[in-house]
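Chain residues, written in single-letter form:
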Amino acid sequence: MLTFRNVSKTYADGTRALAGISVEVARGEILALVGGSGCGKTTLLRLAAGLDTASGGTIRLDGEVLDRPHPGVGLVFQEPRLLPWLTIAQNVGFGLADLSAPERVRRVAHALERVGLAEHADRWPRDLSGGQQQRTAIARAFVAQPKVLLLDEPFSALDAVTRQDLHGHLLGLWAETRPTIVLVTHDVGEAAVLADRAVVLRPKPGRIHDIFAIATPRPVDPDANASTTRQLRAALGASLRASG
Amino acid sequence: MAAGLTDTAEADGREAPASGLPLRGDRVGRAVLGLLLPLGLAIGWEIAVRGGLAQGRLVPPPSRVLATLSDLAASGELWLHVQATLVRVASGFVLGAGLGIALGAVTGTLPLARHLLDPAFQALRAVPSLAWVPLFILWLGILETPKVVLIGVGVFFPVYVGVSGAIASVDRKLVEVGRIFRLSKPALARRILLPAVLPATIVALRTGLGLGFLFVVAAELMGASEGLGYLLVDGQQFGKPEQILAAILTFALLGKAADTILVVLTRPLLRWQDVARDIL
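Protein chains in written order, with my numbering: chain W, 1 to 244; chain P, 1001 to 1280.
If we strip away everything but chain P, and leave its shape as in the complex, we get (with noise of 0.2 angstroms):
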């Protein structure tokens, strides 16, 4: 019995290491980890421009953009450009993402609205959302309203599949639950149908949002006197890569902040899901 005891404990002993591999669980070795690459071509590429190797002229050194971006943020050029691109990302988030949703749950829920309505979206969905800039600019001029519309239409898209595939598919069995219980529609679609399809909706608005820091790039090269587009279009014309870098480092550095912003704020609604991602 002693001896089992014994046993046991060893044996946990020997797992304990194991699972502290520092792939798991360590956040701080994670993010490491996915530095290292970006970081490495970085430093790799500064040594070589400054050791002559390399001219840097097309190509300029991490520290060349760096300098501007610092330039552009002590001038406060930066904040103009970079709020002047988030107002539009935002706004044409919250179009796209809230009409996806609604148009989403409708065809979802209502056969009749499915058949009438989701063969002329799927149809819409096949041209090329840029297709449609010209139509944007004749109907809507060229201010900011048809860049807005622009985003929200390539946010709406990826929501509304997302949402509609999603109520399609919820678990008949769980609805079945519902009934038992008597349920009304409405606290069918607020206790089950609705929770049910949360995780795919997330995802759904996470692909959103990233296509519409796409569309916000496409919305303002066609004209537009702010924003971190504008400032790619003025450095290709005036010869600045530099510009053009700073402008590219910094809708990085903004489209992955959005990204875990959505994340963080809606994990909490996700903590009851037994996914696999932790154990990969």
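With the rest of the complex left out, here is chain W (with noise of 0.2 angstroms):
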């Protein structure tokens, strides 16, 4: 279970990007975090990367708080932060250096299969298009098998069709180990796809404006899905009009 308790975030030039976050994830599920721009979605996931610390509150993984990276929590960055001097492979087993050589090898291949991209295994970053190296940090991040994955509107810079794409690959790999998910996205249709909840956020600062369950089995039926998505964005629509 993923926990956040009160969580703030107050920034050296006095910004107050966060106040009194409380929600809890429960293990497997996929919560996504809503809100417009500005509202403190990235900095909530930075904070339960442990790549930023809190400035009241607390967050937990099954009870240990998390203020540093955690070998339990992985990340998913907006862009796909590659390394360009690794190749595919070698970018998706980054995280693996503590395994044995044949095990990592075992786990790249079948992560590079499951996104699609086992014939580029031995190729550079810059020979790939932007959904396939966003696929290559999804599988890199899902590789080390975290009990919380975190991904920070990882499709946002990608088409609608590389975007659909991916959300079937994200499923995918989710339902082979079940991790718990927070997914940010300013995109209420993805949100309703992908989420079992959606967490509407307002800003200024940022903190909950509105909690939504998603009723919606998966695979995701459109159709059944429009009203979901129909109420995700009034929601998202009255958090903005209140922020002003």
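Calculated directly from the structure, the hints in this document are not laboratory data.
Beta carbons: idealized from backbone N, C-alpha and C, even for Gly.
Treat the hints with care, as some may be off.
Unchecked claim - What follows is a list of derived Cβ distance ranges for each label pair:
| hint | chain 1 | residue 1 | chain 2 | residue 2 | range |
| --- | --- | --- | --- | --- | --- |
| 1 | W | V65 | P | V1094 | 45 to 53 angstroms |
| 2 | W | D67 | P | V1264 | 45 to 53 angstroms |
| 3 | W | G130 | P | V1264 | 27 to 35 angstroms |
| 4 | P | Q1122 | W | G130 | 50 to 58 angstroms |
| 5 | P | A1189 | W | S100 | 20 to 28 angstroms |
| 6 | W | R178 | P | A1189 | 17 to 25 angstroms |
With the hints as a guide, bring the two chains together.
Given below as structure tokens:
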């Protein structure tokens, strides 16, 4: 269980990015963080990843406080952030240095197969499209088999078709080990397709506006999903209006 | 459908000659192109001297320079001078580049070291390196040590500046990838910082090597009994311009060869780079 308890973040210049965020994410749940820009979505994710420290409150994973990068927590950034001097396979296996070589090779091969990049294993990141690079980044995070996977708008720079394709890859990978996923997105449609619940944030400072259960079974039926998307969109609109 | 396929094939066919320009990918062609100007000038001067249009006393024609070079080579004298110069450049390069990389890495990664050392190094860098010559002679005598130290000083600064600057400008986003995977400091240095700064470091080493050759001349001019710099001084004192030109030509060949060796040795390390060089 991933627990945010009264989490706040104030930057050194006095900017209040987050205030009083409390939410529990069940094991294996996919939680979407939805909100306009500047409502602290990415900040919250960076706190959970241990890249930044909270000014108040705690984030715990199964009772353990998360205040630095944790082996059970993986993160996919907004941009792929592949290491340009490593091949695609080496990038995917980057976090597996502790494993034996055969085990690492096996896991990397499986992950690449899973995201449809097996034939690109030995190519450089520069040779791949944006969508393929982001798939590599997702595989790199999944292959370490974290309990919690944090995704920071990983699809925002991609076109609609590629994005849908990646949703499929993400759910496919998720189904294998069922990690808890926290997905930051500003796209309510994406939240409705991928998540079990959506937390709508409002800005200045970032705080929870509303929490929605998304009761659509997977694989998602776009029509059944439409009403959830509408509801979420309305809530997001209200949150944006509330913030002026 | 069939028509579409044919169109595509034709389009490809039309593109093919365009990408086959002699300037693209044709290494021999490029090498020939690079030789055109120097060869043209040399041949032109040779013709001018032989045709009696010029005396060629102070600027000897290529044939005389080459003859001098081959005489020096045949007597074994040339190899003695080349060897002396190369040993000095290599020693100075290893000294300067080694210290430059080490101190550049220290000041690039440790803020305390940067605040402590960098201002002093930047001030020293502003001193024209040849200004050290009298001091080095006073301190270290006139034998090999001051020469190697002078070359080392020349190599040190570009390498130091290049390495510390490269480390300071490593993409924070890539460092965060290392943090997410909980790399220890040494692992972060080895797996992220080192490969990230490698391209800039190699450029700095090439600059340093070039300066090494610049400074070996200065070092040998300040007093030497062998070395290509000695050949220059000797040629000046005894009025042998062909010997001076032979030494200059040898310098050019050695400098270019050393740079090429450095590039070839380091090329496998940079295969991953996505550079514009090949398409410009």
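Outcome of the hint check:
1. V65/W to V1094/P: 45 to 53 angstroms: holds, 50 angstroms
2. D67/W to V1264/P: 45 to 53 angstroms: holds, 48 angstroms
3. G130/W to V1264/P: 27 to 35 angstroms: For G130/W and V1264/P the Cβ distance comes to about 34 angstroms; the hint holds.
4. Q1122/P to G130/W: 50 to 58 angstroms: Between Q1122/P and G130/W, where Cβ atoms are some 41 angstroms apart, the hint is violated.
5. A1189/P to S100/W: 20 to 28 angstroms: The hinted range 20 to 28 angstroms holds for A1189/P and S100/W, with Cβ atoms some 24 angstroms apart.
6. R178/W to A1189/P: 17 to 25 angstroms: 36 angstroms Cβ-Cβ, so the 17 to 25 angstroms window is violated.
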